[in-house]
Amino acid sequence: MPLPACAMPITHDVTRRGQHGIALVAVLVLLVILGVLGIVVLETISMELLLSGHHRTAVQAFYAAEAGLAEMQVRLARQGKEGFISDPAAAPDPHWTAYLLATSDWVPEDDPSFSPQATNYIPTMQSLRNTQIQRNSFQSTLSYWVKVRHYTEYDAERAGHRPATPHYQDLDGSQRLHRPTHVGQVIYWGYPTRQTTQQVRFTTRMPTPYFPIEYVTAVGQMGSSMVRIHVELVHPPGPPQVAAVYARREVVLLGPPDSVSGKDACGVVASLPSLVVSPSGRIQRAPSLEGMSKQSQIVIDLDQAVVRLASGAMRLDSRYMNGMFGSPSQYGTYHRVSHGTRPALTLQNGLGYGILLVDGDVTLKGHIQWYGMIIATGTLVFRGEAPGIVVRGGIWADRVIDLNGHVTVSYDSCQIRQALLPRPLRIITWKEE
Numbered sequence: 001m002p003l004p005a006c007a008m009p010i011t012h013d014v015t016r017r018g019q020h021g022i023a024l025v026a027v028l029v030l031l032v033i034l035g036v037l038g039i040v041v042l043e044t045i046s047m048e049l050l051l052s053g054h055h056r057t058a059v060q061a062f063y064a065a066e067a068g069l070a071e072m073q074v075r076l077a078r079q080g081k082e083g084f085i086s087d088p089a090a091a092p093d094p095h096w097t098a099y100l101l102a103t104s105d106w107v108p109e110d111d112p113s114f115s116p117q118a119t120n121y122i123p124t125m126q127s128l129r130n131t132q133i134q135r136n137s138f139q140s141t142l143s144y145w146v147k148v149r150h151y152t153e154y155d156a157e158r159a160g161h162r163p164a165t166p167h168y169q170d171l172d173g174s175q176r177l178h179r180p181t182h183v184g185q186v187i188y189w190g191y192p193t194r195q196t197t198q199q200v201r202f203t204t205r206m207p208t209p210y211f212p213i214e215y216v217t218a219v220g221q222m223g224s225s226m227v228r229i230h231v232e233l234v235h236p237p238g239p240p241q242v243a244a245v246y247a248r249r250e251v252v253l254l255g256p257p258d259s260v261s262g263k264d265a266c267g268v269v270a271s272l273p274s275l276v277v278s279p280s281g282r283i284q285r286a287p288s289l290e291g292m293s294k295q296s297q298i299v300i301d302l303d304q305a306v307v308r309l310a311s312g313a314m315r316l317d318s319r320y321m322n323g324m325f326g327s328p329s330q331y332g333t334y335h336r337v338s339h340g341t342r343p344a345l346t347l348q349n350g351l352g353y354g355i356l357l358v359d360g361d362v363t364l365k366g367h368i369q370w371y372g373m374i375i376a377t378g379t380l381v382f383r384g385e386a387p388g389i390v391v392r393g394g395i396w397a398d399r400v401i402d403l404n405g406h407v408t409v410s411y412d413s414c415q416i417r418q419a420l421l422p423r424p425l426r427i428i429t430w431k432e433e
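Numbering (the numbering used here), first residue to last: 1 to 433.
The set of hints was computed from the structure by calculation and includes no laboratory data. For glycine and all other residues, C-beta sits at the position ideal for the given N, C-alpha and C. Wrong hints could be hidden among the right ones.
Computed spacing ranges between beta-carbons, pair by pair [stated by the list, open to error]:
hint, residue 1, residue 2, range
1, V107, P387, 52 to 60 Å
2, N322, R129, 28 to 36 Å
3, R282, R179, 47 to 55 Å
4, G267, R179, 40 to 48 Å
5, D301, P343, 19 to 27 Å
6, G340, P88, 27 to 35 Å
7, Q284, P88, 44 to 52 Å
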């Protein structure tokens, strides 16, 4: 029996049309999703490119700051050369500040810590006291400026120094807090007493042969990016200055007429003993030899002293040396390895300015004048001939022996300082902003 028209089944055409409609909706939804994803991807790529650009300029600014720091390190050690930067005062000035500018458009407002109480020098080839703003960097390709000043008690207090939590040995007799206008004493790096063998920070009321700590801020700029690096730099202090002649094991000075004086020849610091040996050492001296001799309470590590100063030194490869080493305006550092299979070094009839470092034994023969420091891990032998051997500065050795006479050694803190100034400065703290 045929079904009525209203009861006829749904045809396949109707079903297909419904499926097509659903598919169309799905496609439209997918297109919307893809469009949204595309926008997100484009925005992400744009953001990544933007961040990448910022990162690139930030890295470039960092390298510019590093370059400024490197130039300042070099300039602080260019004793006797063009571009040397140092405090021109006779004694370290707590308010000394100097700027190194790679561009001439720098203004004091660029330095948030600019202080009108400071000297604010912009050193030039002609004057360490110049205050006129001008480019004084060795280069103009990178954009940076650098400030150097002596590290003071106020700086240490800002970093957390208190009597209960000391950052340095406070030997200036005052523990009061300080202010930006009264920054206190300069803080030095070296050996605060003759019983100290470790290099430390300290203040003092008395003149000292050691150098102030230098606080350096290097600022690099690239586009809108700026990076600040803060470091503390120290000049190498060398071994402790305890006498005109220090010997770890033995001093034998029997030749007439020898002369050894611990009185500072340049009159800056207090007098030292003429001869000092370690607690187990011994001294044999001619009765006519003037000056005080004593046994020290400390043992100086001569091997470590040589290692600390040998970096970048000129190597002495010949067994016999004479002639001139350095000059009055350019002190050098000279290093000789004289142990194992290598014979001892002999210096004869020479003139030297700077630091003589010997891993092993060394003989000074004939007529020699040396201004600065002589450090030997082995035996130092004098074989002087008229007019003799003269050392102005200081001597450190395992053993010191003279039997011939004609030897004059005078402690001179200024000559030691001149010898140490050209040595590379070392970073002891580092911080980036």
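Violations among the numbered hints, reported as their numbers in ascending order: Hints 2, 4 and 6 are the ones this structure does not satisfy, whereas the remaining hints hold.
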